[in-house]
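Q: Following the hints, position chains B and C against chain A.
Here is what each chain is made of, one letter per residue.
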Amino acid sequence: MKVIESKEMTKVYGKTYALNGITFEIEENKITGIIGRNGAGKTTMLKIIAGLFKETSGEVRVFSEKPFNNLTVSANMIFIDDGMILPASLNLKEILDEAERFYENWDSSLANRLFDYFSLSPNQYHSNLSKGMKSTFNMILGLSAKCPLTIFDEPTTGMDAGVRHDFYRVMLKDYLAYPRTILLSSHHLEEIEDLLEDILLIKDGRVHLHLPVADLKEWAIGLSGKKDLINEWVKTKKVFHEKSIGHNNLYVVVKNDFTIRELENITLSGLDVFPVSSSDLCMYLTQKTKGGIDDVYNKAKSDKYS
Amino acid sequence: MILNTDGTKPIYVQIAEWLETEILSGSFNSDQKVYSQYQLAEIFNINPATAAKGLNILADGDVLYKKRGLGMFVSNDARERILNKRKKHTLKKLVQDLVLEAERLNVSEEEVFDMIKNVKRNWEGT
Amino acid sequence: MSITKPSLTNIVKKQYSYKLRAYRQVYNSLIALQLLAIFFSFNGVGSMSGNWGGIHLNINYYSADIIIIFTMLWGLNSAALITTKAYRFDDFAFVTNRLSGNMANLYVMLTLSVIGGLTSILSGVLLKLLIYYSTDVQIFNDTRLMSEPNLFVTSILSASMYVFLFCVLGYMIGMLFQVNKMILVALAALFIWGLFKDVSGGSNVMVNVFTFFVSESSLFLFFIKMMFCSILLFSISLVISNRMEVRQ
Chain A
0 MKVIESKEMT KVYGKTYALN GITFEIEENK ITGIIGRNGA GKTTMLKIIA
50 GLFKETSGEV RVFSEKPFNN LTVSANMIFI DDGMILPASL NLKEILDEAE
100 RFYENWDSSL ANRLFDYFSL SPNQYHSNLS KGMKSTFNMI LGLSAKCPLT
150 IFDEPTTGMD AGVRHDFYRV MLKDYLAYPR TILLSSHHLE EIEDLLEDIL
200 LIKDGRVHLH LPVADLKEWA IGLSGKKDLI NEWVKTKKVF HEKSIGHNNL
250 YVVVKNDFTI RELENITLSG LDVFPVSSSD LCMYLTQKTK GGIDDVYNKA
300 KSDKYS
Chain B
0 MILNTDGTKP IYVQIAEWLE TEILSGSFNS DQKVYSQYQL AEIFNINPAT
50 AAKGLNILAD GDVLYKKRGL GMFVSNDARE RILNKRKKHT LKKLVQDLVL
100 EAERLNVSEE EVFDMIKNVK RNWEGT
Chain C
0 MSITKPSLTN IVKKQYSYKL RAYRQVYNSL IALQLLAIFF SFNGVGSMSG
50 NWGGIHLNIN YYSADIIIIF TMLWGLNSAA LITTKAYRFD DFAFVTNRLS
100 GNMANLYVML TLSVIGGLTS ILSGVLLKLL IYYSTDVQIF NDTRLMSEPN
150 LFVTSILSAS MYVFLFCVLG YMIGMLFQVN KMILVALAAL FIWGLFKDVS
200 GGSNVMVNVF TFFVSESSLF LFFIKMMFCS ILLFSISLVI SNRMEVRQ
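Those protein sequences? They're chains A, B and C, same order as listed. Note that numbering that gives the first Met the number 0 numbers the first sequence so that position 30 is 29, with each residue one more than the last. Note that numbering that gives the first Met the number 0 numbers the second sequence so that position 83 is 82, with each residue one more than the last. Note that numbering that gives the first Met the number 0 numbers the third sequence so that position 119 is 118, with each residue one more than the last.
In short, the hints are calculated from the structure, not lab data. It is possible that part of the hints are untrue.
To be verified - Cut-off 27 Å, straight-line C-alpha distance, at most; resulting in silico cross-link-like pairs (BS3-like, lysine-lysine):
{"id": "1", "chain 1": "A", "residue 1": "K6", "chain 2": "C", "residue 2": "K4"}
{"id": "2", "chain 1": "B", "residue 1": "K65", "chain 2": "A", "residue 2": "K236"}
{"id": "3", "chain 1": "A", "residue 1": "K172", "chain 2": "B", "residue 2": "K65"}
To be verified - Under 10 Å between C-beta atoms, here's a sample of chain B residues computed to sit facing chain A:
{"id": "4", "residue": "I10"}
{"id": "5", "residue": "F43"}
{"id": "6", "residue": "N44"}
{"id": "7", "residue": "N46"}
{"id": "8", "residue": "P47"}
{"id": "9", "residue": "T49"}
{"id": "10", "residue": "D96"}
{"id": "11", "residue": "F112"}
{"id": "12", "residue": "I115"}
{"id": "13", "residue": "K116"}
These figures come from a predicted structure and were not determined experimentally. For each residue, glycine too, the CB sits at the ideal point set by N, CA and C.
One chain only, chain A, in its complex shape (with noise of 0.2 Å):
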């Protein structure tokens, strides 16, 4: 069963377009990671899929339904992020009280347990919390809810690193005792991308790449050495980044689309041949530029001394 479904999302602020014709589609029971730059609208997307915004135009689907103002996309999503707003009035212990009469399959024991276990204080107020106090929390909110659909955007803002080890954990966990369709979005791709099955890449509003992430880890690779040799082979190749390595030797990172006797004989000519992490990778495809910031600073020096 498909649980989300989008055509063409747009949303536009004004005349700038956040978004600017999202398509895809989301399986059931699926862990997916939404990955992007800052303000390649992984957020927005995520709000419109959430219900909380309204998408200017494409068609969207949740749970088959329309999700803006749609009380059963409510009802069996959660959406958590850093801007979380719960009742300043409430304590942390009467929020989940709360949060546990509207949440149908809530599992108090287990939100009792993180509670005690991240020493979090009944009494405290979830504004007086520090910054990684607050996203602990709030995910022991989205994982206690047990919602079809979990929504985590940017969940580990603030929080330590081991905080964040035993959040990635814990949610694995109760991922594999209780499946359910899980979006989460992280500028650490390196930290979550075994938790993944699939990987949706946002770049300037649109839906760059969406695979499996076992697949990424193979779809480009990474030659280096002589510049004249790289040439020749990546003549008739997409090349998503290159750097000099001195005067004569370069590093390039082409689409993987080489026969195994093609790499063979790529590092029977000399050249080496490396695996590209996803999280390169990703960085790689967002960038404006094939040579990132280098080509900035090259040229602004060049333009100084022309």
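A: For chains B and C alone, kept in the frame of chain A given last:
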């Protein structure tokens, strides 16, 4: 085993290799049930789909066989298959690297053979 | 995981009880305002005095009017408060849509109005008791509670109605304000225009609006008028809020 996440090898390949090593070391015998995708996911903190992919590589190579609704079991000739595969792929790749590096360093074939023999002799001597 | 189909009534009920707990500050402000109003009422709302054959007589009128007016303003303010971003976002922390949120707010406002109406009439009783025991004023004429329980109940009902009308008014103004801040200026302008625009009979628009409610002698017609205006104001709020996005 801690998974290597720096991207040099896909996780599911590492899972498959880990299971192979477990079978070679005798942790699993013929016709014994191996870990399910969910157990592997839990052990290595990875997505169960990735774990399933690792299992499927082994099933495709007939190291494991599926019993409907029961899980994956170790084939009778699993050990031979694993050893064969490793000879064919892993060792071949290592030799390739060796030959390539030798060529770069202008080391002759005889020298390489001697080095291999030396290493072996050293191990046997100790 | 299977999807649950929530019923609107069920969610509204949950939200109603959630809001009564989450909005607990409004009760504090009610108590504070009514105490203040009692204090202001201590000198009476009207008085006359005179000498008759060497006897100096001073008549003071004491009533719960100031308390009720304060409570009406409290209703206006509280209702406007729950339309602000922070409160609207509280809704969306849990299961909701705009209709269920508004319905729950309507019930909350009804509850607040009854609490406000009841406490303001009781505060009026308290006021008279305080005056009776703390001064040498003789109370000659006191209707209500003991002598005419029917009237007592009616006064609570109509006080609640007034508070409710102001709640719904505050709710609509609050919603309009959320859409466009300039609305407030426009409303203030409308109010001032109403004060100075003369209509036939030497009064102005505002006075006419006021007498439309206050001088209604039939209780039934009064309720009808109140209900009609409240429904009108609330419907406007509903239409406005349906278009609003949340958690920006």
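Q: Are any of the numbered hints broken by this structure? If so, which, sorted upward?
A: 2, 11, 12 and 13
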